[in-house]
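So the chains spell out like this:
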Amino acid sequence: AQKITQTQPGMFVQEKEAVTLDCTYDTSDPSYGLFWYKQPSSGEMIFLIYQGSYDQQNATEGRYSLNFQKARKSANLVISASQLGDSAMYFCAMRDLGANNLFFGTGTRLTVIP
Amino acid sequence: NAGVTQTPKFRILKIGQSMTLQCTQDMNHNYMYWYRQDPGMGLKLIYYSVGAGITDKGEVPNGYNVSRSTTEDFPLRLELAAPSQTSVYFCATSPMGGVSNQPQHFGDGTRLSIL
Numbered sequence: 001a002q003k004i005t006q007t008q009p010g011m012f013v014q015e016k017e018a019v020t021l022d023c024t025y026d027t028s029d030p031s032y033g034l035f036w037y038k039q040p041s042s043g044e045m046i047f048l049i050y051q052g053s054y055d056q057q058n059a060t061e062g063r064y065s066l067n068f069q070k071a072r073k074s075a076n077l078v079i080s081a082s083q084l085g086d087s088a089m090y091f092c093a094m095r096d097l098g099a100n101n102l103f104f105g106t107g108t109r110l111t112v113i114p
Numbered sequence: 001n002a003g004v005t006q007t008p009k010f011r012i013l014k015i016g017q018s019m020t021l022q023c024t025q026d027m028n029h030n031y032m033y034w035y036r037q038d039p040g041m042g043l044k045l046i047y048y049s050v051g052a053g054i055t056d057k058g059e060v061p062n063g064y065n066v067s068r069s070t071t072e073d074f075p076l077r078l079e080l081a082a083p084s085q086t087s088v089y090f091c092a093t094s095p096m097g098g099v100s101n102q103p104q105h106f107g108d109g110t111r112l113s114i115l
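In order, the protein sequences belong to chains A and B. Taking my numbering, the leading residue of the first sequence gets 1, the next gets one more, and so forth. Taking my numbering, the leading residue of the second sequence gets 1, the next gets one more, and so forth.
Because the hints were derived from the structure by calculation, they are not lab data.
In the SDA-like style, the derived pairs of lysine to any residue whose C-alpha atoms are separated by at most 20 Å in a straight line are:
no.	chain 1	residue 1	chain 2	residue 2
1	B	Lys44	A	Pro40
2	A	Lys3	B	Lys44
3	B	Lys44	A	Ile46
4	A	Lys16	A	Val112
5	B	Lys9	A	Ser42
6	B	Lys44	A	Thr24
7	A	Lys3	B	Met41
8	A	Lys3	B	Asp38
9	A	Lys70	B	Asn101
10	B	Lys44	A	Pro9
11	B	Lys44	A	Asp26
12	B	Lys9	A	Gly43
13	A	Lys3	B	Ser100
14	B	Lys44	A	Thr5
15	B	Lys9	A	Pro40
16	B	Lys44	A	Gln6
17	B	Lys44	A	Met89
18	B	Lys44	A	Arg109
From just these sequences and the hints, can you work out the full model?
Below you can see the structure in the form of structure tokens.
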């Protein structure tokens, strides 16, 4: 069964605007962690932000924030004040109790338009 | 501070050839992973290791082998290369597994084509 679903293959956003990238997940474990990674065209994987299932508040890291809705099993990434350098693939990933690896979604390609 | 180093960056193999993808880390992390990323897809786990001398299969282990003789090194071996193994291979490390807020740190990847 698919553990992570990213339904937006591609997204466009105007420079300086905010954008939300969707991620839903599936797990029966009460304890899990959600991660977002950025993959620019150069190919490396860059860690952006983490949300734990027991965290009371939504995670924030600079211009990145995570809209965590536990009951809906969604963990959407919000990028504020988009910059041209934000153009990249974005992957949502999950690690649940007892799993040592990350399960990745298929990614969303974000293009920032000047 | 090198982090996670993968070699080579690019390689073209002929069907049936074998090769080893190298991964070295200087972060003193116990956990190491090998993922493959097919075009337009997310990463899928091939093998992982929780420490020297311990390895285990991931989602897509067929056609690959690994070993972990030291904390630093985690090589991935392809014995009989097949076109289906054309992919980008990523090595990653983390200080611990399970439910942890510690992210995995990735190498820059090895782009492998099998013709």
